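If you follow the hints, you should be able to join the two separate chains into one complex; please do so.
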Amino acid sequence: MDRIPILKMGRFLLVTIQVDMHDRLALALQDDLTARISETGARGVLIDISGLEIVDSFIGRMLANIAAMSRVLDAETVVVGMRPAVAITLVELGLSLQGVRTALNVERGMAALEASVEPVGRHDRARH
Amino acid sequence: MIVLGTDTLTIATDDDVVRARQHTRQRAIECGFGLVDQTKLVTAASELARNTLVHGGGGTMIVDLLNDGGRRGVRLTFADSGPGIRDVEAALRPGFTTGTGLGLGLSGARKLVDQFSLDSRPGAGTHIVVVKWK
Chain A
0 MDRIPILKMG RFLLVTIQVD MHDRLALALQ DDLTARISET GARGVLIDIS
50 GLEIVDSFIG RMLANIAAMS RVLDAETVVV GMRPAVAITL VELGLSLQGV
100 RTALNVERGM AALEASVEPV GRHDRARH
Chain B
0 MIVLGTDTLT IATDDDVVRA RQHTRQRAIE CGFGLVDQTK LVTAASELAR
50 NTLVHGGGGT MIVDLLNDGG RRGVRLTFAD SGPGIRDVEA ALRPGFTTGT
100 GLGLGLSGAR KLVDQFSLDS RPGAGTHIVV VKWK
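Going line by line, the protein sequences match chains A and B. If you number the first sequence the way numbering that gives the first Met the number 0 does, the last residue is 127 and the count never jumps. If you number the second sequence the way numbering that gives the first Met the number 0 does, the last residue is 133 and the count never jumps.
Among the hints, erroneous ones may be present.
Examples of chain A residues toward chain B, derived with CB under 10 Å [what the hints assert, rightly or not]:
1. D19
2. D22
3. I53
4. D55
5. I58
6. G59
7. G93
In silico contact screen, one side only, chain B against chain A (beta carbon under 8 Å); selected entries [stated by the list, open to error]:
8. D14
9. V16
10. Q21
11. L34
12. V35
13. K39
14. T42
15. S45
16. R49
17. L103
18. G104
19. G107
20. L111
Bear in mind the hints are in silico, worked out from the structure with no lab data behind them. Note that the coordinates shown come from a computational prediction; the quantities given were computed from them, not determined experimentally. Think of the CB as a built atom: it goes at the ideal place given N, C-alpha and C, for glycine as much as any other residue.
Looking at chain B on its own, in the form it has when it is part of the complex (with noise of 0.2 Å):
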């Protein structure tokens, strides 16, 4: 797998989960990736960019555009150095909630991408590496 190209993005504030947004439609145009799937992958990073800043206390994003052996792709990387999630299943079902939200931030970011994988525990901070296929 080769990857195309890397950005990464400090996540600090509001305005920063704007241009994770803006970001992400930007290389999934470049991936040729159509309407819909673009839309899928934005409101992807717009859930998690947002997990980032208000549970993870701010963070990076990485975008990587992909290739693997012609098919293409984009992969983000959201990383943070926060204080972690403690029960990782209940976090990724939908409707749990720490309590602002609807609770569908990472269990609808997860099904809204080809790949999802999350790595966190209490203390450690919290990676989340998606995946959407052209």
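One chain only, chain A, in its complex shape (with noise of 0.2 Å):
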């Protein structure tokens, strides 16, 4: 079966969903990312979503569920390049991602997630 690519960029991990995704595909890639997170440690999880058409209830749920399940693991997920006429499609929907963060594009939520994780090396300089 296909699988949607993760990347590690330091302490943060990259999705970008190019693909039309059935429904094993998304539920593949919580399964996947949750493992990611426990392996590498990651503090964040950016997910980029231009590349989705659409977001129906599903895809919806799967996006709430990796928020939920990467904050149990203490990493911070920002969804971000939501096209327009997705986001007024999601209102009329009833959908109201909650508990996911969002940004505009990938420049501003990598902006977010650094914000949200404390510096590297702040514990070090704590204890000295």
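Written out as structure tokens, the structure reads:
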């Protein structure tokens, strides 16, 4: 089965969804991401959905699940790049993506993750 | 009202739900829908096709391109011969769920289209027709 690639960049994991996902692929991503967070100790997850033409209730639930699971594993999730037509449709559908942090684009999403995680080495400095 | 074109898709797997979305998108573009209306119709198609698969045990989606005195539209018909819906009114309420979803499938799909009709009885399957006009 296909998998959506998860890239590691420093303390963060990066996912770019570029295909029209069938439901099993979305569920596999959920599992893969939680496994990678626990393996790598990543502090943040950035999910770029600019390639997604729609977000329906299933994909919405997947995004909310990922955010909730990563929070439990001490990682922040930011979803970026939602297309305007998708945002309009989501609101009309009644889907509020509760608990999911969003940012306009990858750059702002990264900035949000950086800001939410303690700077590297702060612990060490505090100890001395 | 004239039907300009009809396609029938089988919905039996996850991949068929993806195909249902792509097909609906194609017809919406042919109909001249703008991006927002395309997105709304495709999202509704995705919800309903998934319901057909998950709750109806599979079925069909028929896509019709309509012309009603110069007004164009897309009609989607979802049919399955699954267990049917016991309480249709409850099933259409936002937040109603049989367990796995957010309970926004039916109620959400209804909000995204111009016409919506649902016919279902326990044991007799479910038949849903939606239309979106340009």
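Quick rundown of the hints versus the structure:
1. D19: holds (5 Å)
2. D22: holds (5 Å)
3. I53: holds (5 Å)
4. D55: holds (4 Å)
5. I58: holds (9 Å)
6. G59: holds (7 Å)
7. G93: OK, holds: G93(A) within 10 Å of chain B, min 5 Å.
8. D14: holds (5 Å)
9. V16: holds (6 Å)
10. Q21: holds (7 Å)
11. L34: At about 5 Å, which falls below the 8 Å cut-off, the nearest Cβ of chain A leaves the hint on L34(B) intact, so it holds.
12. V35: Since the shortest Cβ distance to chain A is 5 Å, the answer is holds.
13. K39: holds (5 Å)
14. T42: Constraint on T42(B) satisfied, holds at 5 Å.
15. S45: Given a least distance of 4 Å, the restraint on S45(B) holds.
16. R49: Holds. Min distance 6 Å.
17. L103: holds (4 Å)
18. G104: Status holds, d = 6 Å.
19. G107: holds (4 Å)
20. L111: holds (6 Å)
Checked against the numbered hints above, the structure violates none of them.
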